[in-house]
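Colleague: Residue strings, one per chain:
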Amino acid sequence: MGILQNRFDEENVIFTNVDTLLNLGKEHSLWYLLFATACCGIELMQWGASKYDSDRFGMIPRSTPRQADLMIVAGTITLKMASRVKRLYEQMPEPKWVISMGSCANAGGPFCKYSYSVLKGIDKYIPVDVYVPGCPPRPEALIEGVFKLREVIHEERVLRKQGKTPKPRTPIVVEDPHAHDPFARHSGGAKLVKA
Amino acid sequence: MYELLSALQGAAAHPAWWMIVLAAFVPVMVIWLVIQGVAGASTYVERKVAADIQRRVGPNQCNVGSFFGAWAKEVIRNGKGAMADAGGRFMAMLFIPLQPIFAMVDKVTAKFAPGILIFLADGIKLIMKEDITPKAADKPLFKVAPVIVLASAFGALATLPYSDRFYIADFNVGLLYIAAIASLETIGILMAGWASNNKWALLGGFRSAAQVVSYELPAGLAILTAILLCGTMSLQDMTVAQLGLGAGWQAGWIWHWNIFSNPFMLILAPVFFLAALAECNRTPFDIPEAESELVAGYHTEYTGMRFAFFFMAEYAMMFVVSGVFAVIFLGGWSTGIGALETWDKWAVNGDPAQGFYWYASLVHLLVFCGKAYLGVLLMMWIRWTIPRFRVDQMMSLCWRKLIPISMTCFTAVGIWVALRPFVVRWAGSEAQWQSCAGYGALAIAVAIGVFLVWFILRPLTPDEQLRRKLIKETSIKAGAGHGFA
Amino acid sequence: MSDAILQANERPRVHTEEMVLSMGPHHPSTHGVLRLEVVTDGEVVVSARPDIGYLHRAIEKIGEYVDYRQFMPYTDRVDYICSMNSNHAYALGVEKLAKISVPLRAELMRVMVAELNRISSHMICIGALAMDMGAYTPFLHGLCHRELVNDIFEDVCGARLTYNYLTIGGVSYDAPPGWIEKCERFVEYLWPKMIEFNDLITGNTIFQERLCRVGVVSPEHAVNWGLVGPNLRGSGVQWDVRKNEPYSIYDRLEFDVPVGDGGDPNGSNPQGELGDSYDRYVVRVKEVFESLKILKQICSMLRENEKLPADHPDRLYQAKLPVRLKVPPGECYVRSENPRGETGYYVISDGTEMPLRLKIRTGSFSALGCFEEVTRGLLIGDVIAVIGSFDIVLPEVDR
Ligand code: SF4
Chain A
5 MGILQNRFDE ENVIFTNVDT LLNLGKEHSL WYLLFATACC GIELMQWGAS KYDSDRFGMI
65 PRSTPRQADL MIVAGTITLK MASRVKRLYE QMPEPKWVIS MGSCANAGGP FCKYSYSVLK
125 GIDKYIPVDV YVPGCPPRPE ALIEGVFKLR EVIHEERVLR KQGKTPKPRT PIVVEDPHAH
185 DPFARHSGGA KLVKA
Chain B
4 MYELLSALQG AAAHPAWWMI VLAAFVPVMV IWLVIQGVAG ASTYVERKVA ADIQRRVGPN
64 QCNVGSFFGA WAKEVIRNGK GAMADAGGRF MAMLFIPLQP IFAMVDKVTA KFAPGILIFL
124 ADGIKLIMKE DITPKAADKP LFKVAPVIVL ASAFGALATL PYSDRFYIAD FNVGLLYIAA
184 IASLETIGIL MAGWASNNKW ALLGGFRSAA QVVSYELPAG LAILTAILLC GTMSLQDMTV
244 AQLGLGAGWQ AGWIWHWNIF SNPFMLILAP VFFLAALAEC NRTPFDIPEA ESELVAGYHT
304 EYTGMRFAFF FMAEYAMMFV VSGVFAVIFL GGWSTGIGAL ETWDKWAVNG DPAQGFYWYA
364 SLVHLLVFCG KAYLGVLLMM WIRWTIPRFR VDQMMSLCWR KLIPISMTCF TAVGIWVALR
424 PFVVRWAGSE AQWQSCAGYG ALAIAVAIGV FLVWFILRPL TPDEQLRRKL IKETSIKAGA
484 GHGFA
Chain C
810 MSDAILQANE RPRVHTEEMV LSMGPHHPST HGVLRLEVVT DGEVVVSARP DIGYLHRAIE
870 KIGEYVDYRQ FMPYTDRVDY ICSMNSNHAY ALGVEKLAKI SVPLRAELMR VMVAELNRIS
930 SHMICIGALA MDMGAYTPFL HGLCHRELVN DIFEDVCGAR LTYNYLTIGG VSYDAPPGWI
990 EKCERFVEYL WPKMIEFNDL ITGNTIFQER LCRVGVVSPE HAVNWGLVGP NLRGSGVQWD
1050 VRKNEPYSIY DRLEFDVPVG DGGDPNGSNP QGELGDSYDR YVVRVKEVFE SLKILKQICS
1110 MLRENEKLPA DHPDRLYQAK LPVRLKVPPG ECYVRSENPR GETGYYVISD GTEMPLRLKI
1170 RTGSFSALGC FEEVTRGLLI GDVIAVIGSF DIVLPEVDR
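Protein chains in written order, with our numbering: chain A, 5 to 199; chain B, 4 to 488; chain C, 810 to 1208.
With the rest of the complex left out, here is chain A (with noise of 0.2 Å):
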């Protein structure tokens, strides 16, 4: 956002309305990287194939880490890979997210207590918004993911200056992946199923 960003330090009501309508247009459109390692990244690919499709919340899949807003890491993260996953991280432009997809990238997993060669936990390399737990989560429960961050989204501030204590990122968990109706809330009147 260039020389406009974070400059205007009153909390004048009409910055907030512009910065909520920046950041409705922010949520509605996360392309996210298409990154995947291991076998979350199966479930992610059926997230984003037909039953589940992204692509109902705006969210396509970009290959190069420059166009895209959200990088889901998928996956069992070793330590020869991580290295390359901050690079992609570093290498998105801002405004970003991350979204820790898997017990995997939130904390080693499986592999937590005896492999000597996987990153515990994708968090001590890159910042993470939102945690998905599951091993794999299920496309439902990355759904909540991505909701919990458009809520995270949706109270960023863009052209206003950032308060005087920031609030810090607070790890989002998704909790009970199973009692979650994907299309219950938000889905805007539009069904699933085309008759």
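Just so you know, these hints were derived from the structure itself, not from any lab.
Possibly wrong hints are sitting among the right ones.
[To be verified] Partial list, derived from the structure: chain A residues whose beta carbon lies under 7 Å from chain B:
| hint | residue |
| --- | --- |
| 1 | 20 |
| 2 | 25 |
| 3 | 26 |
| 4 | 28 |
| 5 | 29 |
| 6 | 30 |
| 7 | 54 |
| 8 | 61 |
| 9 | 62 |
| 10 | 67 |
| 11 | 68 |
| 12 | 98 |
[Said to hold, decoys possible] Label pairs and their computed distance ranges (CB to CB):
| hint | chain 1 | residue 1 | chain 2 | residue 2 | range |
| --- | --- | --- | --- | --- | --- |
| 13 | B | 107 | C | 994 | 39 to 47 Å |
| 14 | A | 98 | B | 466 | 56 to 64 Å |
| 15 | C | 1066 | B | 110 | 55 to 63 Å |
| 16 | C | 1109 | B | 403 | 50 to 58 Å |
| 17 | B | 32 | C | 994 | 53 to 61 Å |
| 18 | B | 403 | C | 1186 | 19 to 27 Å |
| 19 | C | 831 | B | 381 | 33 to 41 Å |
Note that the Cβ used here is the ideal one computed from N, Cα and C, for glycine as well.
Assemble the complex: chain A is given as a structure, and chains B and C with the ligand must be docked to it using the hints.
Modeller: Frame of chain A, contents of chains B and C with the ligand only:
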């Protein structure tokens, strides 16, 4: 444009200064709007087309209600809040009457075009993205490349004959100009590929240059053939020529369109369409940006708005080449209904003295945009159905197949045009020849119709029957990716 | 005249430099985190050397720390696209070592889920190959069909990807009511859908042109390089563990082993060459049909089995085993036919609850071995085609 303005102002001997300014300024804004409209609508349409082909739903979250409606709600809430100042209250007041309008629009659009505002969201987001220029990039070139690409699409859009009266510029060398300025895009792409200092981008740029230089030839030959047939290079005149005026009741009918005027043009049309696909880097010729090979091709390193420029240019270019296709093969803005076109309350001759019929211009505008957009839709359909060529296959298709075919057609049409006076003399008069040709075209159309009817009603082989039955019984409607039970 | 041409040809070529492309570990079509060091001369590949290890998760080592049953979830993750088959191979190994006999119903269920998983794995492979060739739609159609298999698996074990369904001595749960009908309906559904899929992409001229005569592995080479599974059969070698060394109940089932027939004017790949990428692709498509045939037979066998009295030994879905499973000392190697070819489990036991050493032999690893040889002199687009047609899954390579 200037003509349109003078028609609006009435017959003025000397143009007023404001008209000159307006005539310079308005077209720029109009083209800009066309680009925005075409690119915005096309991204949405493309995603919906893709979704339909892939049994998905496509974007459906970003409706008017969930976008502007949600915004209005927040604005009003903020305006009523404890922290609200005068500005905020004013804004809220503005939004209160807007709320029911948003709700109403939402009701309609959510039904017929769910997710219609997705391009707005994409646009807002892309504007706000950080603008990264890689450290090792060639900075001036890197920055100017997307502008050049967009400028070429911009320039090409200016000469399209949108309607009989509404057009922005009409050169006597319009087609030459379009061919020239459309290939400017390649320079921009090559620049982008080179300046990014990225190997994938470099490969993409090289591929694009090789591709466009090759496919310019069949496209150019097809355009040349049309010029030969119509005897003009101006897009507007070419459209008028395809009305076949002066042929009595025959004038203005669909068989005067170049594509039906002789068999060689019918062969040439798909050749030109393929070459056009290649020129705007669409599947199966999306080799320069081949997503699965070159990550994102020449725009690998571009972020935010600079990427959006490439994006917009691509869709605008699709519209341009489809528009050119419509002009040189499908009669431009002509409706193809002779009775309408020869009606004397319908300005057809391009003669300003005849007066200005706004409804005719409007219909022509819609017809032209419809024809051009049909081409765009066809490109989308192709994109989501078939795989892409390899580099060498792309080259051999061009040099071994398309160029010989278009060369042959060019020669044949030349002979056709040369022989025409003799045929006309044999037929008696131009009008008689025209009506002969018209009856011939009718006969061919009837024959094709009979064949189609037979094809649809023909008895199926047992194999085909089985396959059809199986597919019919088990086919799933779009969007229902799950549940076969 | 001809002298002039000769001279022109003998003129020193323009000096060109080779370019090293680092393809991956993040690249849309390296199927995970494979990194290829591609040396190119323009578009032509001089050499493409795979660099692996980005997904080394030390699964074999973990096998030495956990007991026999606990290792089962890790076999899911060795090859996550066909977890059931991996489970099966491992279970076979331990059962052979511990001399456990598995009840008939368990065997039936095992083969059932294994074949279903073979279908869903091939769906990803053929779809992803089409996507690498630039056609996105067949990929999504493949995933669409795969969703149905996931539904079936979810009914039987509750998971969508990492099932952990097979246990040592049988399967974890019996088939829920209505499950067999669901499978039958799936078979009925998929058969015409596969025909539709073939119409969509297999018969596409561009697709064939891109794959024919690309990445040719001759039969001798295939054997020498140790290729397995569809990659080996694509080269025309008739070798299928299910047929040649039948395990489980495969000897009671009727099915064919499709092999590549490139270059055969009456075959499915007349313009190709034996062992090219298209052959490997077609073998997978045909295997889906074979699996469907097997599924049909298993469904009727399961129905037969259902008629037995409830306490009949053949109706059990699990052998009764002690909670703490101790395996007598010894070693054994078993192999089974996975979608990605032969998977071997080599288990050494010292009589305790944990294996002393566990070694996994996988198909993708050997496919990567001959990669450099096969891709020499191809174009960059072809490298993608070869990766796709070998159907490489990275955790299987790195483990
Ligand atoms: S969390 Fe589980 S499913 Fe996901 S990558 Fe790790 S092991 Fe695989």
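Colleague: Next, verify each hint and record whether it holds.
Modeller: A quick look at each hint next to the structure:
1. 20: holds, 6 Å
2. 25: Nearest chain B Cβ about 5 Å off; hint holds.
3. 26: Nearest chain B Cβ about 6 Å off; hint holds.
4. 28: At 6 Å from the nearest chain B Cβ, residue 28(A) passes the 7 Å test, so the hint holds.
5. 29: holds, 3 Å
6. 30: Cβ of residue 30(A) sits 5 Å from chain B, so the hint holds.
7. 54: Given a least distance of 3 Å, the restraint on residue 54(A) holds.
8. 61: holds, 5 Å
9. 62: With a minimum Cβ separation of about 5 Å from chain B (threshold 7 Å), the hint on residue 62(A) holds.
10. 67: Nearest chain B Cβ about 5 Å off; hint holds.
11. 68: holds, 4 Å
12. 98: Nearest chain B Cβ about 4 Å off; hint holds.
13. 107(B) to 994(C): 39 to 47 Å: Holds, since residue 107(B) and residue 994(C) (Cβ atoms, about 45 Å apart) stay within the stated range.
14. 98(A) to 466(B): 56 to 64 Å: holds, 59 Å
15. 1066(C) to 110(B): 55 to 63 Å: holds, 59 Å
16. 1109(C) to 403(B): 50 to 58 Å: holds, 54 Å
17. 32(B) to 994(C): 53 to 61 Å: holds, 59 Å
18. 403(B) to 1186(C): 19 to 27 Å: Check passed, 22 Å falls within 19 to 27 Å.
19. 831(C) to 381(B): 33 to 41 Å: holds, 38 Å
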